[in-house]
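Hey, can you work out the whole structure from these sequences and the hints?
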Amino acid sequence: MRLLGSRPSPFTSKVRMAAAICGIDLELVPTDTAEEGSTLIGSNPIGKIPALILDDGSTLYDSRVICEWLDRSSGNLLIPQGLAEWSHAKRIEALADGMAEAAMMTLYEVRYRPEEKRHQPWVDKQWRRAHRSLDALGREVETLGDMPNLAHIAVASDLGWLDLRYSSVFRDRHAALAQWMDDFYATHPHLAARRPAA
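The working numbering numbers the first residue of the sequence shown as 803 and each following residue consecutively.
Be aware that one or more of the hints could be misleading.
[As the list claims (entries may be wrong)] Computed cross-link-like contacts, SDA-like style, restricted to lysine to any residue with a CA-CA straight-line distance of at most 25 Å: (1) K927 to R967; (2) K850 to R804; (3) K850 to E942; (4) K892 to Y914; (5) K919 to L909; (6) K892 to E944; (7) K919 to E944; (8) K892 to K919; (9) K927 to R975; (10) K927 to M907.
These are calculated hints, taken from the structure and not from any lab test.
Below, the structure written as structure tokens:
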């Protein structure tokens, strides 16, 4: 199976970590969404990564759907199945991914919008969303157990992206979360090898 994605992407990272937990081999195919290449568009008309090309040629996207598929394919090695535990893991995944999406919007504002068209109040709103989410994640990680599941890898991959792109903002304001991430990767080197990277 081939995974269209990029090493810096937190959502690609999350899928790669999920596959490692589930014992499923994926071939990472470096993919640039800006190019809108035929392989990406043919696999995901939305043009976003990650997209998983299955052995039968069919495709899955986005990261949440792919992680669900990996979980089911592995006999539920990734996502807890009890209702309360499932709700807990999925809520944390949504919170972590929402944080990363808000922070990404601030990066895209600079990367893709001409300076004269940038709107600082909108950027400030995205940072407020991100920091509120990070504050909540700081409380949530205390509820995570030792055995990595979907919640752990969502938080770790999204924090890894934030550390890659906005390290000082992240580490200065959310030191406890940064420590949790560092400890997680130190404890699970096979997952650390799949963290977001330039």
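Hints and how they fare:
1. K927 to R967: holds (18 Å)
2. K850 to R804: holds (15 Å)
3. K850 to E942: violated (28 Å)
4. K892 to Y914: The hint is violated at about 31 Å.
5. K919 to L909: holds (14 Å)
6. K892 to E944: holds (16 Å)
7. K919 to E944: violated (41 Å)
8. K892 to K919: Violated. K892 to K919 sits at ~36 Å, over the 25 Å cutoff.
9. K927 to R975: At roughly 17 Å apart (the allowed maximum being 25 Å), R975 and K927 satisfy the hint.
10. K927 to M907: Judged against 25 Å, a Cα distance of about 10 Å means the pair holds.
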